[in-house]
Amino acid sequence: MSEISEPVGGRIITKPFLVLAEIALVAGILVIYRYFFGLGAVTNLSDGYPWGIWITYDVLVGTALGCGGYAMALLVYVFNRWEYHPLMRSAVLTSVFGYTLAGIAIFLDIGRYWNGYRLFLPWSVNFNSVLVEVALCIAAYVMVLWIELAPTVLEGSAPPRSKEIRQRLERWLPVIVAVGILLPTMHQSSLGTLMIIAGHKLSPLWQTGLLPLLFLLSAITMGYAVTIFESIVSSLAFKRPFETPLIAGIGVIMAWIIGAYLVLRFGDLAVRGQLGLIFQDNLQSVMFILENLCFLAALLLMVNPATRTQIRWLFVGAIAMLLAGSLYRFNAFLIGYNPGPGWRYFPALPEIIITLGIVSVELMAYLYFVKKYPVLPKVEHS
Amino acid sequence: MGISRRDFLKVSAGGGLLLASALSPWPAQAREPRARLPEAVGILYDATVCIGCKACMAACKEYNNLPPDLSTPDSIWDNPVDLSAKTYNIVKLYQNGTGQVKDREIDGYSFIRRFCMHCVDPACISACPVSALTKDPNTGAVVYNKDYCIGCRYCQVACPYNIPKFQWDQAFPQIKKCQLCSHRLARGDYPACCEFCPNGASIFGNVQDLRKEARRRLSLKVGTVAPYPLHRVDSREVRHRLVTPYQNYIYGEKDGGGTQVLMLAGVPFTKLGLPALPEESTASASETLMHTLYKGMIVPYVVLGGLFYLVYKNTTKQDLP
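Here the protein sequences come in this chain order: A and B.
The working numbering puts the first residue of the first sequence at 503, with every later residue one more than the last.
The working numbering puts the first residue of the second sequence at 65, with every later residue one more than the last.
Each hint should be verified, as a subset may be incorrect.
Claimed, not checked - Selected chain B positions facing chain A (Cβ under 8 Å, derived; list incomplete):
| # | residue |
| --- | --- |
| 1 | Ile115 |
| 2 | Gly116 |
| 3 | Cys117 |
| 4 | Ala122 |
| 5 | Ala123 |
| 6 | Tyr127 |
| 7 | Asn128 |
| 8 | Pro193 |
| 9 | Arg217 |
| 10 | Asn226 |
| 11 | Leu353 |
| 12 | Leu371 |
| 13 | Phe372 |
| 14 | Leu374 |
| 15 | Tyr376 |
| 16 | Asn378 |
Since the hints were made in silico from the structure, they are not lab data.
Predicted model only: the values in this text are computed from it and were never measured.
Don't be surprised by glycine CBs; every beta carbon is placed ideally from N, CA and C.
Construct the entire structure; sequences and hints are all you get.
Pasting the structure below:
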């Protein structure tokens with residue numbers, strides 16, 4: 503695109519990279535074990551809690567963290583805020599890995615993976631199933647994301663035909679971007695709709711017809727938070743200047759959306775007459791309070807110009823938002839989910855290691871790409 | 065940017081419609097509540113008649129080729145503590161206080177059979193992405209096809225009764241649940257649990273007949289002797305027994321949109337572990353929401369059109385070089 507990006511450069515194999523590789527290796531061995539001995543051998547999943555952290559973290563939180571590309575595309579292309587375009591590439595990059603690995607995580611989690619292709623056979627798919635909408639949309643969006651990343655890769659590598667391919671891709675840009683905005687709008691809301699059918703098994707603190715809207719709004723906000731977070735961390739890690747005014751501007755947008763979210767969230771609880779559940783002093787009410795305190799903290803830090811313009815507080819605010827959205831997802835799928843007496847779930851160690859392995863692969867891929875390809879904006883050396 | 069307006073229109077119209085239609089075949093109507101199938105068959109379980117002999121459990125294992133569920137390390141016979149991938153049917157015990165009187169809530173006890181309720185509007189079927197769970201168009205039995213199943217376990221999340229079970233210890237796992245002995249129905253037999261129930265606690269029949277029978281039992285006078293059919297609702301074989309008090313409620317008549325398994329008991333059903341469900345099924349709630357958003361894919365198409373317009377306008381008119 504218009505402004506110039508450049509590879510960060512430097513060695514790929516560094517100490518942190520090796521640590522990540524080791525975690526990924528252990529996780530890989532456990533994954534092989536899972537395919538030989540079943541899901542029960544590596545997870546604490548049960549007939550009461552059939553979905554655990556692989557769905558809640560890897561898929562729900564993972565794709566929400568991957569909403570940076572979506573949220574920034576919304577800002578730049580739909581609301582015409584081109585000043586934010588320099589952040590676009592790295593946002594798309596995190597989205598690519600967040601979504602691709604969520605897709606892979608689904609294939610670790612489903613028991614009869616060899617039948618997975620049936621999701622893509624229009625005559626056998628059940629279009630009443632919310633999961634179909636989610637699965638098809640995520641699969642389509644992973645492809646769109648890789649196409650969106652293609653110009654970066656093509657610019658970085660210089661085979662003779664790469665320029666031609668890039669130009670052809672750019673002609674298609676409005677189509678790709680529009681589809682790339684529509685798809686996450688659809689599946690991020692549908693991820694919330696998934697729990698409607700759980701009915702009474704999900705606590706009224708989370709069970710509501712607004713689940714799709716609340717999931718969508720929090721996903722977009724997490725997308726902005728992740729963009730701020732990533733900008734600050736890569737500035738620190740690669741010793742680059744902070745992009746302060748730019749990311750503080752994103753903070754303002756976040757504040758608006760969090761505000762709207764909280765009004766909807768508590769308005770909905772009030773209308774349904776469930777506010778009393780907040781003060782029940784059990785795990786669910788404590789987690790609800792924690793979740794919403796994080797939203798509130800993010801709101802306050804982003805709304806106030808004094809905190810928003812300081813890198814330190816901007817960073818804390820972004821983390822508060824990431825925690826808030828993650829807690830909301832854990833609560834709506836695990837903490838607030840009660841299949842009946844006698845069932846309990848806490849992830850098993852191998853289950854956690856496999857998730858950590860997925861995160862490690864994501865980080866390794868990110869490091870490789872920003873060092874090798876022009877992802878981050880070119881630094882003006884003074 | 066080097067694109068002409070005509071190029072843009074070609075590209076966006078073609079590509080947009082292509083991609084959107086790939087995701088489009090959602091049905092257009094909002095969701096009506098499902099009605100009972102006229103030929104639907106089911107089971108009437110009467111906890112006041114049940115003596116807890118577990119003959120239904122043994123028969124279920126035998127006729128579904130299920131292995132014993134050894135729940136304690138030194139168990140020498142089948143002793144499941146709950147439904148599992150090895151157990152489709154279980155008799156549980158409710159006990160309160162001194163547990164003296166059968167079918168009484170306070171200081172009493174009651175048996176309760178748990179197995180698939182064969183919902184009129186099953187959440188598991190609505191949830192299943194690949195139609196591995198389906199409702200038999202005639203009998204209404206909820207049946208499973210392992211050749212379609214991807215093992216996502218959304219049916220387990222969706223089922224209000226926690227019926228579908230997963231083989232956690234298998235490399236090639238399946239979902240396991242009661243299928244109303246569909247293999248026996250197909251050859252003119254009826255579910256093994258009803259055939260082997262010695263006391264008439266579980267009887268098989270057309271759901272309409274079972275409802276009539278349940279209403280008849282609720283209208284019986286406590287303390288009188290009345291005939292109770294054995295095995296099947298239309299059976300000539302009857303047993304005369306003393307009528308004991310019932311809760312005036314047929315569980316499954318309307319609960320969660322209704323079920324093809326109906327239950328009677330002397331103890332409130334929530335005490336027996338059956339959930340209190342609204343009359344609207346969760347399948348209907350979920351599908352109504354989805355179909356409102358995706359009715360004929362109109363909203364997504366309109367949104368996509370709007371997005372094209374804005375993105376195109378903004379990419380061509382941006383101030384940056």
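Hints not upheld, ascending by number: 1, 2, 3, 4, 5, 6, 7
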